[in-house]
Amino acid sequence: MEFLYSIFVTPFVEMWTAPEFLAEVVLGGLMSGIMYSLVALGFVLIFKASGVFNFAQGVMVLFAALNFVGLIDAGLPIVVALIATILIMVALAFAIERVVLRNLVNQEHIILFMATIGIAYFLEGLGEMIWGGDVRPLNIGLPDDVWFVGDILIQQSEVFAAAVAGSLVIALSLFFQYTRTGRALRAVADDHQAALSVGIPLNHIWIVVWAVAGLVALVAGIMWGSKFWVQFSLSTIALKALPVLILGGFTSIPGAIIGGLIIGAGEKVAEVFWGAAYGGAIEEWFAYVLALIFLFFRPQGLFGEKIIERV
Amino acid sequence: MFYREAGDFKTSYAADQSILSIKLDRYFVIGLIAFGVIVVPMIGNDYWLGSLLIPVLVLSIAALGLNILTGYAGQLSLGTGAFMATGAYMAYKVATNLAFLGAPVAIIIGGLSAAFAGVLFGLPSLRIKGFYLAVTTLAAQFFLLWLFTHVDWFVNYSISGVPSIPPMEFFGVLISGAEATTEARYLFVLGFAIILGLAARNLARCKMGRGWMAIRDMDIAAEIIGIDPLKAKLSAFAISSFYCGVAGALWAFCFINTVEPGAYDINRSFQILFMVIIGGLGSILGSFLGAAFIVLLPIFLNNAPQWIGLNLTSDVISHMEIMIFGALIVFFLIVEPHGLARLWQIAKEKLRRWPFPY
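Chains as they are written, first to last, in the working numbering: chain A, 1 to 311; chain B, 1001 to 1358.
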């Protein structure tokens, strides 16, 4: 009885009596949700254009952040380091396309998925070998003050992260919608063979997609790194991005953002208000169980394309 | 020339339907088992048996389990580690509270509990598939491990949360706990591996196994020819999780001597998935080859620099190890996406017609 009480009554009473606290928890959750969204965004880009489920996205975030922070620590100005890191990520996209993807055309999805896990291992080892395994602070002058709106405390860095994520999504949408390359990308996403037959070079498209995913990874890495420093636990956020994808749908860019927000806010609220009843740390699995329950009702996700099967 | 089916006549239905219907295959497998049971414990030292062969065999059992689910029934799972943990924790529970049942029964009960968990988390497979299913199995991975670390009942309210396995006997020989000899533990694990390997081979070619393969190849078509997807998918989840649970229990009882959550985390799940893919999807032999490859490769990479006279710091070696491991996986997938089992098949073809080109 007491147990049921702690699930169904107490949390809601707490929420009702302290709405400012609830708002703060939700806001904090939304902000970490944005981080998940940024990682999920990279997943969606690659999945849309090539059908590859890129497990290495999380490690790419880490790799980009490591390079960036490493170059800054080596004494380069921030702008130069940024440009150099972008070049590295583009080069990485070239290398992955040339060495891995081109050789695995027409293989089953699971094989490609395994290949990206292999890439993830490789990048993790490479990053660690070049830059060492220390936790590094990343300070590029993001605002770190707080604002008060009424009684609610808001971190400026989080607002900044939200703004960056928002402008990234808008920029990507414009790029997809209005540029030549963007149109080609959408064509490839729709149908590989049809795109090939009207003369769209598949290999170039893959390079572009992986490079864009690399840039998104860099942005995510900078945001995450300036908040929690650059460390190897970064690569595990890739796993948190999976339920985000399920919720938003594997093929939808807005879905990745909204899914991330829901997961981020949901798991914080669950942890703060319900976690105590179970002994804490329910954050670890809440997102996955939420995604699992969600899948029963809407297998294609919130914004995903309806799954149609033909025999 | 060396490998031939020709002239191998069968005169009864039983002979025609035996597990290994080709004489040479049969001799080879029997010889291999005899070698493993009799010769290896005599010539192997503690390091070889305890640190190489036992983990290879235990993980082969887990790989067999995942291969049943992913290779035969086509359902991708990333929750292998959690099912192994279920087996280990429940077997520990039985071994400490119902000690009179003995180690094998405890391990089998662990396997059955894992099967139950597998069915529970396999339910979403009736509605979804592919990577979506993989995410739901991740839910199993994180939820079950959280359960075992946060509910004290599973570890008998031990304060550290990492209890040791009690010493248990099997026909009067210690097979678990710190005092058990490596040979005894090796033979115990080997027994399980042989029985479960042969069982898997049989399962794959019975009605249920054919149902799994039909579901894997095209689920809608399978449904139309009368295979119940509910039964096929859930039985695959149950049996696969049973194998994983037994492997998890053996890992705790015969290898690490404790029940600790760290041994069954997400990396274990990926490791087993690697074994299945590198070994060959949908192949019993592949599970063993893959397990051996994945367990031995890091050990080899760790020692290789010394053998060729390179003097590297342990830091660099461990980073190199991860890099080379990743690169080799990509390399293998490019060169032979069907895994080591396929290489073995090609070798057999070659042996059949050697020394002629065709």
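Please note that a few of the clues may not be correct.
Unchecked claim - Reference excerpt, derived from the structure (chain B facing chain A, CB under 7 Å, subset only):
| # | residue |
| --- | --- |
| 1 | ARG1127 |
| 2 | THR1136 |
| 3 | ILE1322 |
Honestly, the hints are just simulated from the structure, not real lab data. Each residue gets a CB set at the ideal place from its N, CA and C atoms; glycine is no exception.
Outcome of the hint check:
1. ARG1127: holds (6 Å)
2. THR1136: Nearest chain A Cβ about 5 Å off; hint holds.
3. ILE1322: holds (3 Å)
No hint from the list above goes unmet by this structure.
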